[in-house]
Amino acid sequence: MAAYELYKGKQNLADVQAKRATAAKCAFDVEDVTTQEKRHTVGVEHPVDAAGCDALIHATDQRVCVGRNGPRPKLLTYFQMRADHGATQDSLKEIVPDEVITKLGLLHVGETAANGSLETYLRLPPLGRKLSDEAKAVVLQKCVKNPTVQFVVSNGLSGFAIERYAGDVLKSMLDGLKAAGITVGTPVYVNRARVGIMNDFGTLLNADVVVVLIGERPGLIISDALSIYMGYKPRWEPLTTDANRDNICMISKKGKNPIEAAAEAVGLIKDYLKYKTSGVELATAKRG
Amino acid sequence: MAFRSKLFGITYEFKDVKEVLAKANEQKSGDEAAGIAAKSVAERVAAKTVLADIPMWVLRAQPVVPYEDDEITRAIDDGIDPVAYDKIKDKTVGEMRAWILDENTTSEDIKAISHGLTGEMAAAVAKLCSSLDLIVGGHKMPCVVHNVCTMGLPGRMGARLQPNHPTDDVDAIRAEIYDGLAFCIGDQVIGINPAIDQVENLMKLYEMMWDIKEKWEIPASNCILGHVTTQMECLKKGAKIGQVFQSIAGTQAALESFGVEVGMLDEANELAKKYCYSEGPNYMYFETGEGTELSAYANNDADQLTLEARKHALARRYSPIGVNSVVGFIGPEYLYNSDEIMRAGLEDHFCGKLLGIPLGLDNCYTNHVRADQNTNEFLMVLDAAAGTNYHMGVSMGDDVMLSYQCASYHDTAAIWSAMNLRPAPEWEKWAEGLGLLKNGKLTDKAGDPSFFLKR
Numbered sequence: 067m068a069a070y071e072l073y074k075g076k077q078n079l080a081d082v083q084a085k086r087a088t089a090a091k092c093a094f095d096v097e098d099v100t101t102q103e104k105r106h107t108v109g110v111e112h113p114v115d116a117a118g119c120d121a122l123i124h125a126t127d128q129r130v131c132v133g134r135n136g137p138r139p140k141l142l143t144y145f146q147m148r149a150d151h152g153a154t155q156d157s158l159k160e161i162v163p164d165e166v167i168t169k170l171g172l173l174h175v176g177e178t179a180a181n182g183s184l185e186t187y188l189r190l191p192p193l194g195r196k197l198s199d200e201a202k203a204v205v206l207q208k209c210v211k212n213p214t215v216q217f218v219v220s221n222g223l224s225g226f227a228i229e230r231y232a233g234d235v236l237k238s239m240l241d242g243l244k245a246a247g248i249t250v251g252t253p254v255y256v257n258r259a260r261v262g263i264m265n266d267f268g269t270l271l272n273a274d275v276v277v278v279l280i281g282e283r284p285g286l287i288i289s290d291a292l293s294i295y296m297g298y299k300p301r302w303e304p305l306t307t308d309a310n311r312d313n314i315c316m317i318s319k320k321g322k323n324p325i326e327a328a329a330e331a332v333g334l335i336k337d338y339l340k341y342k343t344s345g346v347e348l349a350t351a352k353r354g
Numbered sequence: 061m062a063f064r065s066k067l068f069g070i071t072y073e074f075k076d077v078k079e080v081l082a083k084a085n086e087q088k089s090g091d092e093a094a095g096i097a098a099k100s101v102a103e104r105v106a107a108k109t110v111l112a113d114i115p116m117w118v119l120r121a122q123p124v125v126p127y128e129d130d131e132i133t134r135a136i137d138d139g140i141d142p143v144a145y146d147k148i149k150d151k152t153v154g155e156m157r158a159w160i161l162d163e164n165t166t167s168e169d170i171k172a173i174s175h176g177l178t179g180e181m182a183a184a185v186a187k188l189c190s191s192l193d194l195i196v197g198g199h200k201m202p203c204v205v206h207n208v209c210t211m212g213l214p215g216r217m218g219a220r221l222q223p224n225h226p227t228d229d230v231d232a233i234r235a236e237i238y239d240g241l242a243f244c245i246g247d248q249v250i251g252i253n254p255a256i257d258q259v260e261n262l263m264k265l266y267e268m269m270w271d272i273k274e275k276w277e278i279p280a281s282n283c284i285l286g287h288v289t290t291q292m293e294c295l296k297k298g299a300k301i302g303q304v305f306q307s308i309a310g311t312q313a314a315l316e317s318f319g320v321e322v323g324m325l326d327e328a329n330e331l332a333k334k335y336c337y338s339e340g341p342n343y344m345y346f347e348t349g350e351g352t353e354l355s356a357y358a359n360n361d362a363d364q365l366t367l368e369a370r371k372h373a374l375a376r377r378y379s380p381i382g383v384n385s386v387v388g389f390i391g392p393e394y395l396y397n398s399d400e401i402m403r404a405g406l407e408d409h410f411c412g413k414l415l416g417i418p419l420g421l422d423n424c425y426t427n428h429v430r431a432d433q434n435t436n437e438f439l440m441v442l443d444a445a446a447g448t449n450y451h452m453g454v455s456m457g458d459d460v461m462l463s464y465q466c467a468s469y470h471d472t473a474a475i476w477s478a479m480n481l482r483p484a485p486e487w488e489k490w491a492e493g494l495g496l497l498k499n500g501k502l503t504d505k506a507g508d509p510s511f512f513l514k515r
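Protein chains in written order, with the numbering used here: chain A, 67 to 354; chain B, 61 to 515.
Just so you know, these hints were derived from the structure itself, not from any lab.
Just so you know, even glycine gets a beta-carbon here, dropped at the ideal spot from N, CA and C.
Among the hints, a few may not be true.
[What the hints assert, rightly or not] Computed far set for chain A versus chain B, every beta-carbon distance over 10 Å:
#1 149
#2 352
#3 353
[To be verified] Quick list of in silico lysine to aspartate or glutamate cross-link-like pairs, EDC-like style, CA-CA up to 20 Å:
#4 B:505 x A:115
#5 B:275 x A:115
#6 A:319 x A:330
#7 A:159 x B:432
#8 B:505 x A:120
#9 B:514 x A:111
#10 B:514 x A:120
#11 B:498 x A:111
[Said to hold, decoys possible] A short, non-exhaustive set of chain A residues, derived as facing chain B with CB atoms under 8 Å:
#12 110
#13 283
#14 285
Throw the hints in and build the complete structure from the sequences for me.
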């Protein structure tokens, strides 16, 4: 390295240091780009009708009147899209911490046949409908048998859904069922389950009703929605399918209220027990 | 029959044409879940080497669902042009690939044989193609069709304006149409995916779209992507309809799961010819996507790409105005990540064009697939290079009704700009007349939906 003398530069060192000191005093306090107000910003430069643009934005949830930089989106829109997609990815990857599961009053029974791998879970949905052998053993050993109602909670495709809304839904439903004199088994948590896991629990525990609280596939607008799926006597033999299930979906701050959803779900359970069926058949039975 | 090959001295055997086709397919999570994919990369390559030697007549004689079991197989095979078929029947799959890529083979030459091919043949060729093969080949197969605008001309790339809304709110959908029109989007079709598939609802939306068309004298064709039977009812009631839509599948059982039969599509096409306001001669619009059959438990152990090409061959029966693969919509259990989505997009385009139909692409992804907006942007460049007839578009690529992301209107304008492409000639003339487009580029007035509040 000694063959060349280091390049020394031509600038006055005091000037360079003074500029560096000035720059060090700068503060960049950037506003949140994801607020409703920012989302409703008219991005079009010099619109023909500014009030009209405003009205168009308020007419739809789609991202209209966002403006452009040449043929490309503006950074505000780009950042919002990246942030929203990022939220979906974080929600998808979220593993609910053990202390949250405990606080929810749930028994963590373990994994499905997908064995905790997100990749396997995404590639092979049927594996998420069956408990692993270890989890099965835990269920048989520790859960109350023949329950009227069995609760199963799982992150599914959105861990944030469980962390944010499962508590409210669970508490309201348990209160509602207690008031109606309906007994509940041992509420459990399973990592990365699919809705069809209800058949496994229905079969293993001989449950009358199985309620599955599960994180939905995250969307850009709502990335943390919770769903309640439920069915009367879900079993593998004879096979009960989606037709036997009811669903209350999009439970979220921006979607359906958790307490209202819980009340609807308790109402459905009462109907299940009265009509001894669920899903499409229940709707038919209720019409008389 | 024997299907055997060696690789590094190891012998690989396949029991029939269907297995060779499946194992020669590039990696797709859906084929793996179905248990029909190659068990190793070596086996995949071995299957490709066997496939290369199979002549076209064998692929015709051994479709992945037998003639006597499946009305789609029957409709495709009965529709084969015997003159075109005679020209290629003795060529092997490998020879077909070489012939397509040869500089001395012209677009006209390929067009002259396309109606002699079945879906299995087109898929087989695609399985021997690398990505650039698919682009070079696809580029040689322009498919020009006309409904209101002339679509598919070389140097042109169209777009479908997709103004969806979770409750079909008329004001919301109108706002979204203005947003697309402001970017000069919509020459392929203005097509709404309805949330409520009922005649009264569709009639209301058709009327709104017709009003916009009349007020701004747009060379626009419209479509509402309800079930084909709902649209047929609307046609009979006198709705102003430009194109008639249906999602289709590659096996009879999967098509039946959509509540659709070949005879129903035949009837829809006849009604469209009779009642659509558009000039034609192409009226039908189809959507497809790899994985449909497996998700309906109706794949008959055939691979996704072969079944996709069978949809294209079925679509050909109706001389459609547009067919697009909704390539990333179905989810990671069928196409796992960016690589699989991009590969499938190029394959679908190649197969459709080889079969002589006007392929477009809905480059898209859901949030549980290993992909992001870059996947869409990359694939748009790739299939624009391959000569796609059109792309889909929705405001900023975020479809709040179907909860997936496709291309933004910006993206289509960017492709026009970066790749020297233009919308359909009739549409370009209209947009230039309003001062929204000049020499294929957006003007200062473009991108402002409130422009359309003036009249």
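Verification of the hints:
no. : hint          : verdict
1   : 149           : holds, 12 Å
2   : 352           : holds, 23 Å
3   : 353           : holds, 20 Å
4   : B:505 x A:115 : holds, 12 Å
5   : B:275 x A:115 : holds, 18 Å
6   : A:319 x A:330 : holds, 17 Å
7   : A:159 x B:432 : holds, 15 Å
8   : B:505 x A:120 : holds, 17 Å
9   : B:514 x A:111 : holds, 17 Å
10  : B:514 x A:120 : holds, 15 Å
11  : B:498 x A:111 : holds, 19 Å
12  : 110           : holds, 5 Å
13  : 283           : holds, 5 Å
14  : 285           : holds, 5 Å
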